Amino acid sequence: MIHKYKLGGFNIVLDVNSGGVHIVDEITYNMLDNVEPPFAEKCPEKAMQKLSQFYSVEDIESCYNEIVELYNDGILFSEDDYEKYANYSVASPVKAMCLNIAHDCNLRCKYCFASTGDFGKGRKLMTFETGKKAIDFMLEKSLDRKNLELDFFGGEPLMNFDVVKQIVEYARSKEAEYDKKFRFTITTNGLLLDDDKMEFINKEMSNVVLSIDGRKSVNDYMRIRVDGSGCYDKIMPAFKKLVSLRGDKEYYVRGTFTKHNLDFADDVFDLYNNGFDQISVEPVVCEATEDYAITEKELPAIFKEYENLAERILENERKGGKFNFFHFMLDLDQGPCAIKRLRGCGCGNDYVAVTPDGDIYPCHQFVGIEEFKMGNIDEGTFNTEIKSYFSKTHVYTKPECKKCWAKFYCSGGCNANNFQYAGDVHNVHKLSCQLMKKRLECAIMLKAFRAGAIEE
Amino acid sequence: MKHIKTINKANLKETAAKGGCGKCQASCQSACKTSCTVANQKCER
Numbered sequence: 168m169i170h171k172y173k174l175g176g177f178n179i180v181l182d183v184n185s186g187g188v189h190i191v192d193e194i195t196y197n198m199l200d201n202v203e204p205p206f207a208e209k210c211p212e213k214a215m216q217k218l219s220q221f222y223s224v225e226d227i228e229s230c231y232n233e234i235v236e237l238y239n240d241g242i243l244f245s246e247d248d249y250e251k252y253a254n255y256s257v258a259s260p261v262k263a264m265c266l267n268i269a270h271d272c273n274l275r276c277k278y279c280f281a282s283t284g285d286f287g288k289g290r291k292l293m294t295f296e297t298g299k300k301a302i303d304f305m306l307e308k309s310l311d312r313k314n315l316e317l318d319f320f321g322g323e324p325l326m327n328f329d330v331v332k333q334i335v336e337y338a339r340s341k342e343a344e345y346d347k348k349f350r351f352t353i354t355t356n357g358l359l360l361d362d363d364k365m366e367f368i369n370k371e372m373s374n375v376v377l378s379i380d381g382r383k384s385v386n387d388y389m390r391i392r393v394d395g396s397g398c399y400d401k402i403m404p405a406f407k408k409l410v411s412l413r414g415d416k417e418y419y420v421r422g423t424f425t426k427h428n429l430d431f432a433d434d435v436f437d438l439y440n441n442g443f444d445q446i447s448v449e450p451v452v453c454e455a456t457e458d459y460a461i462t463e464k465e466l467p468a469i470f471k472e473y474e475n476l477a478e479r480i481l482e483n484e485r486k487g488g489k490f491n492f493f494h495f496m497l498d499l500d501q502g503p504c505a506i507k508r509l510r511g512c513g514c515g516n517d518y519v520a521v522t523p524d525g526d527i528y529p530c531h532q533f534v535g536i537e538e539f540k541m542g543n544i545d546e547g548t549f550n551t552e553i554k555s556y557f558s559k560t561h562v563y564t565k566p567e568c569k570k571c572w573a574k575f576y577c578s579g580g581c582n583a584n585n586f587q588y589a590g591d592v593h594n595v596h597k598l599s600c601q602l603m604k605k606r607l608e609c610a611i612m613l614k615a616f617r618a619g620a621i622e623e
Numbered sequence: 083m084k085h086i087k088t089i090n091k092a093n094l095k096e097t098a099a100k101g102g103c104g105k106c107q108a109s110c111q112s113a114c115k116t117s118c119t120v121a122n123q124k125c126e127r
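Read top to bottom, the protein sequences are chains D and S.
The first sequence begins at 168 in the working numbering and counts up one residue at a time.
The second sequence begins at 83 in the working numbering and counts up one residue at a time.
Calculated from the structure, these hints are not laboratory results.
Remember, predicted model here, so these are calculated numbers, not experimental data.
Mixed in with the good hints, there may be bad ones.
[As the list claims (entries may be wrong)] Mimicking DSSO-like on lysine-lysine, the simulated pairs with C-alpha atoms at most 30 Å apart in a straight line are:
| hint | chain 1 | residue 1 | chain 2 | residue 2 |
| --- | --- | --- | --- | --- |
| 1 | S | LYS91 | D | LYS569 |
| 2 | S | LYS87 | D | LYS486 |
| 3 | D | LYS173 | S | LYS105 |
| 4 | D | LYS209 | S | LYS87 |
| 5 | S | LYS124 | D | LYS604 |
| 6 | D | LYS489 | S | LYS124 |
| 7 | D | LYS569 | S | LYS84 |
| 8 | D | LYS251 | S | LYS105 |
| 9 | S | LYS87 | D | LYS569 |
| 10 | D | LYS416 | D | LYS300 |
| 11 | S | LYS95 | D | LYS251 |
| 12 | D | LYS313 | D | LYS300 |
| 13 | D | LYS540 | D | LYS486 |
| 14 | D | LYS347 | D | LYS416 |
| 15 | S | LYS91 | D | LYS251 |
| 16 | D | LYS407 | S | LYS100 |
| 17 | D | LYS570 | S | LYS87 |
| 18 | D | LYS299 | S | LYS105 |
| 19 | D | LYS559 | S | LYS87 |
| 20 | S | LYS124 | S | LYS95 |
| 21 | D | LYS332 | D | LYS540 |
| 22 | S | LYS84 | D | LYS173 |
| 23 | D | LYS569 | S | LYS95 |
| 24 | D | LYS597 | D | LYS426 |
| 25 | D | LYS489 | D | LYS347 |
| 26 | S | LYS87 | D | LYS604 |
| 27 | D | LYS348 | S | LYS87 |
| 28 | D | LYS597 | S | LYS95 |
| 29 | D | LYS313 | S | LYS124 |
| 30 | D | LYS464 | D | LYS299 |
| 31 | D | LYS277 | D | LYS540 |
| 32 | S | LYS124 | D | LYS341 |
Chain D on its own, in the form it takes in the complex (with noise of 0.2 Å):
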């Protein structure tokens, strides 16, 4: 399977199964289209009369044999024989957590996923005792992996700080005799930080996320404090302080967009001006119905912002600027294997999410439906059957993932927004699909772009 499109001035060749990445001239993009394997020695003859009506033949019969070339090198037309991976991961261990520390919070963003902050349960804060048996959990169910990711999210999780803190300190003090690392990250509103909270999170984070939308105005209309005001003015600076103090370490500020700022290429780059270089700008996800939401009729204008924002980055790479944009990263040589590329996020099996009252979902999405909940922390329960389930679902067990180009890259997507908003895990999200997919085009673009500026 091939993927083509053009953008940027460039005419994109995608191989599927090998992530061949090809830019192709005029005469190899229309070529494409008349052309499939088995490929005989010559050119066959209802390609030439076509393409002769065009081109010389000569240019037809190298470039067929430049297609043929990258064919036999197993970079053009590849197969997909990647199914029989598929079982690789089945009852892999739990390596992953992330830990909601809090289901409280004090902004009421109007687009919180979370029924803001108490996933519709009730406000609670999880006790040091739980979060203690959340690591012993994860101790023993990780086996032999060695790294173990804990993200504190919520909620907001500067809420219960000061269990955050003993829960590092616990899980830090069982490392040599498990032999494990512990990466921690940490979701953060911004509102409670302060000059300790800063320093605690840059020494033991080992990423941060800052939730911001951008503009002030875009921030303050959707981040809301309980009295309605907006908090920007307060996070600002405090999310300024907190990168500057942190060195290498990764970070994020992150944002969404909706319905109201559909020209969010100008967010990511009042974000960037403010002197943040690792920049995640993302859309919203929610029930049509919201008065905020994206559906099919703001996707033209979407793509073309896509568009807009990788335009604005090649320019400021020309001057000499440089950020990270998280959608538009890609890996093209040394990203995840192929195995990993079938099933993505992991949840449910090698990844869960725990509630304050101990309660286990297959990720944070999943908290508060019924019909996922895996255990509970506190009772010593855990449900295989469903982490079975999970470890079974992949690209080839979704109908629209496996006859997908952009399968590789995805990995079938968010299986919650498959459920929520799908009716199953196995149906993919279409409106995510086709931004996921427009975001991939401009991030290859990129690569592109690239390639050929340091051949230059």
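Starting from the structure of chain D, add chain S where the hints point.
For chain S alone, coordinates are given in the frame of chain D:
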């Protein structure tokens, strides 16, 4: 090549034979959480 320029050198097929160790970072796809998405991840083997 005159007509085609290949911009990457890796072949996914080669990664399948040696892959699947599971040591890489978990990769959240959800729009609410910027964890790693799949395609920009690093192989940790």
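So, going through the hints one by one against the coordinates:
1. LYS91/S x LYS569/D: holds, 25 Å
2. LYS87/S x LYS486/D: holds, 26 Å
3. LYS173/D x LYS105/S: violated, 36 Å
4. LYS209/D x LYS87/S: Holds: LYS209/D and LYS87/S sit about 22 Å apart, inside 30 Å.
5. LYS124/S x LYS604/D: Holds. LYS124/S to LYS604/D sits at ~21 Å (cutoff 30 Å).
6. LYS489/D x LYS124/S: holds, 20 Å
7. LYS569/D x LYS84/S: violated, 34 Å
8. LYS251/D x LYS105/S: holds, 20 Å
9. LYS87/S x LYS569/D: Judged against 30 Å, a Cα distance of about 28 Å means the pair holds.
10. LYS416/D x LYS300/D: Holds, at roughly 28 Å.
11. LYS95/S x LYS251/D: holds, 12 Å
12. LYS313/D x LYS300/D: Holds, at roughly 19 Å.
13. LYS540/D x LYS486/D: Violated, at about 51 Å.
14. LYS347/D x LYS416/D: holds, 20 Å
15. LYS91/S x LYS251/D: Judged against 30 Å, a Cα distance of about 24 Å means the pair holds.
16. LYS407/D x LYS100/S: The given pair, whose Cα atoms are some 42 Å apart, is violated under the 30 Å limit.
17. LYS570/D x LYS87/S: Holds. LYS570/D to LYS87/S sits at ~26 Å (cutoff 30 Å).
18. LYS299/D x LYS105/S: Since the Cα atoms of LYS299/D and LYS105/S sit roughly 24 Å apart, the hinted pair holds (cutoff 30 Å).
19. LYS559/D x LYS87/S: violated, 38 Å
20. LYS124/S x LYS95/S: holds, 17 Å
21. LYS332/D x LYS540/D: Roughly 27 Å separates the two Cα atoms, so the pair holds.
22. LYS84/S x LYS173/D: holds, 19 Å
23. LYS569/D x LYS95/S: holds, 17 Å
24. LYS597/D x LYS426/D: The hint holds at about 17 Å.
25. LYS489/D x LYS347/D: Answer violated: LYS489/D to LYS347/D is near 35 Å, above 30 Å.
26. LYS87/S x LYS604/D: holds, 22 Å
27. LYS348/D x LYS87/S: violated, 42 Å
28. LYS597/D x LYS95/S: The given pair, whose Cα atoms are some 28 Å apart, holds under the 30 Å limit.
29. LYS313/D x LYS124/S: With a Cα-Cα distance of about 16 Å, the restraint between LYS313/D and LYS124/S holds, given a limit of 30 Å.
30. LYS464/D x LYS299/D: Since the Cα atoms of LYS464/D and LYS299/D sit roughly 47 Å apart, the hinted pair is violated (cutoff 30 Å).
31. LYS277/D x LYS540/D: It holds: about 26 Å lies between the C-alpha atoms, which stays within 30 Å.
32. LYS124/S x LYS341/D: Holds. LYS124/S to LYS341/D sits at ~26 Å (cutoff 30 Å).
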